[in-house]
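Starting from the given sequences, assemble the full structure and let the hints guide the process.
Start counting the sequence shown at 403; every next residue gets the next number (this note's numbering).
Hints in this document: simulated from the structure, not taken from any laboratory.
Note that the coordinates shown come from a computational prediction; the quantities given were computed from them, not determined experimentally.
The hints are all genuine.
Cross-link-like lysine-lysine pairs, in silico, DSBU-like; alpha carbons within 30 Å at most: (1) Lys530 to Lys645; (2) Lys619 to Lys645; (3) Lys619 to Lys530.
Across the chosen pairs, the derived CB separations fall in these ranges: (4) Leu436 to Ala505: 25 to 31 Å; (5) Glu465 to Glu613: 32 to 38 Å; (6) Gly480 to Leu444: 22 to 28 Å; (7) Glu550 to Asp664: 38 to 44 Å; (8) Gly587 to Gly480: 37 to 43 Å; (9) Pro423 to Gly445: 25 to 31 Å; (10) Ala502 to Asp586: 47 to 53 Å; (11) Pro591 to Ala481: 48 to 54 Å; (12) Lys619 to Ala649: 15 to 21 Å; (13) Pro598 to Pro668: 23 to 29 Å.
C-beta: ideal position from N, C-alpha, C; glycine also.
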Amino acid sequence: MPENPSDLLLLTTTGARSGRPHTVPLGCVRHAGLLLVVASNLGADRHPAWYHNLLARPVVTVELDGYALEAVAVPAQGARRDELFAAVVRAAPGYADHQAATARTLPVVVLDRPTTDAPATVTTLAGKLLQVHVWLREQLRRVREETEAHLAGTDTSVPGLGLQIRQHCLAFCQSLEFHHVSEDGHLFPGIARWHPELADVLERLRAEHVEVARMQKALVALVDDVTTADPVTFRAELARMTKELIAHLDHEEEHLLPVLADVPWPPPRP
Numbered sequence: 403m404p405e406n407p408s409d410l411l412l413l414t415t416t417g418a419r420s421g422r423p424h425t426v427p428l429g430c431v432r433h434a435g436l437l438l439v440v441a442s443n444l445g446a447d448r449h450p451a452w453y454h455n456l457l458a459r460p461v462v463t464v465e466l467d468g469y470a471l472e473a474v475a476v477p478a479q480g481a482r483r484d485e486l487f488a489a490v491v492r493a494a495p496g497y498a499d500h501q502a503a504t505a506r507t508l509p510v511v512v513l514d515r516p517t518t519d520a521p522a523t524v525t526t527l528a529g530k531l532l533q534v535h536v537w538l539r540e541q542l543r544r545v546r547e548e549t550e551a552h553l554a555g556t557d558t559s560v561p562g563l564g565l566q567i568r569q570h571c572l573a574f575c576q577s578l579e580f581h582h583v584s585e586d587g588h589l590f591p592g593i594a595r596w597h598p599e600l601a602d603v604l605e606r607l608r609a610e611h612v613e614v615a616r617m618q619k620a621l622v623a624l625v626d627d628v629t630t631a632d633p634v635t636f637r638a639e640l641a642r643m644t645k646e647l648i649a650h651l652d653h654e655e656e657h658l659l660p661v662l663a664d665v666p667w668p669p670p671r672p
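Now the structure itself:
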């Protein structure tokens, strides 16, 4: 990736209402290991559509200097936002003019590229499933760690941590929903054709998907309440939901990884 502190990227968000991909070119700034974009809209009085999209669906695709990667979009808040905006203006002074043109505080968005233990390259469908599951586990881990820091009041370096928790929680739910829709619509029917002995397992997994979808909504509602919830109750509920979600991923891996280990990925061309 380029070393220039200020550059251009393509950002693809998912429409908050339409659910369709939406790609825009944006200026970006690198600062202290972070990749930043500003929802300046050239100083207009309204936030751009892509900003509303990432608030609803935080998982985005970033294309930069020939690379494409997934990231979680997290708007900075409070003093943290002001600090990052000052860094942006030092690298790209034009954003100061955009801010001067509007009473709207220009959002600064961190494009967080989560670290993961998942292999970058996979050659089987089992590897692809495991890669997705590792990413999902990482998002859950981030939600729990950031929640602990928020409730304990120990992470004073990140004002507005509640929004950061919410974005990672929504990223988990967005990815899990897409994953389950893909499984129910494509993966499971194929497995059922070639492995009829797994019919009961697949039926149980489909039923778990329904329960997990209910749990996702409850998890988002819980995290939305992080700033006012009783800490003991909040920790207990988050721990319970996390345990159940991880158990579901473990159950899928136990039954599906052996079946998918010999299926090439990506699929061969016809």
